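Mapping the sequence shown onto full-length UniProt numbering, position 23 (from 1) lands on 23, and the numbers just tick up by one.
In short, the hints are calculated from the structure, not lab data.
Straight-line distance between alpha carbons at most 30 Å, and here's what the computed DSS-like set of lysine-lysine pairs gives:
id	residue 1	residue 2
1	Lys79	Lys19
2	Lys3	Lys79
3	Lys125	Lys4
4	Lys79	Lys125
5	Lys125	Lys19
6	Lys113	Lys79
7	Lys98	Lys3
8	Lys4	Lys66
9	Lys79	Lys108
10	Lys69	Lys44
11	Lys113	Lys98
12	Lys96	Lys79
13	Lys44	Lys3
14	Lys113	Lys24
15	Lys66	Lys125
16	Lys96	Lys108
17	Lys96	Lys44
18	Lys98	Lys19
19	Lys108	Lys66
20	Lys19	Lys4
Remember, predicted model here, so these are calculated numbers, not experimental data.
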Amino acid sequence: MNKKILVIDDEVMITSTLKRLLGKSGYDVVIVNSGQNAIDVCAKEEFDLIISDIRMPGIDGVETLKRIKEYSAQNRQAKMPIIFITGYADEGLELKAKNLGYDDYIYKPFDLKTFLERVQTVLGKKG
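Please model the entire structure based on the sequences and the hints provided.
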């Protein structure tokens with residue numbers, strides 16, 4: 001069974017690129033464009049990895065993942081690894097993300113080959 005990845009980003013160019021890249025690499029990819037949509041999807045499905053933009057309108061990536069982690073813990077779901085992606089250097093959000101716990105933090109723009117290698121590394125840690 002293929003590993004299932006949730007991508008959360010409000011930028012269509014990023015989500016379409018990641019869906020194509022990850023899909024060609026054999027992953028099942030679900031795309032959502034907001035924190036609230038991600039929370040709703042995670043209430044119905046489990047993922048092997050979540051890749052989330054950190055700065056989005058409405059609920060930012062850190063708050064989104066905090067809520068998803070709380071829901072997962074309450075419902076005894078397996079820990080989902082997290083990769084944050086961002087196009088902005090924001091020390092406040094980066095510190096909040098660090099306190100939440102994440103498996104990788106990648107700045108946009110990124111090299112697709114390197115990005116895929118980092119995804120594979122994080123998924124390899126999960127087992």
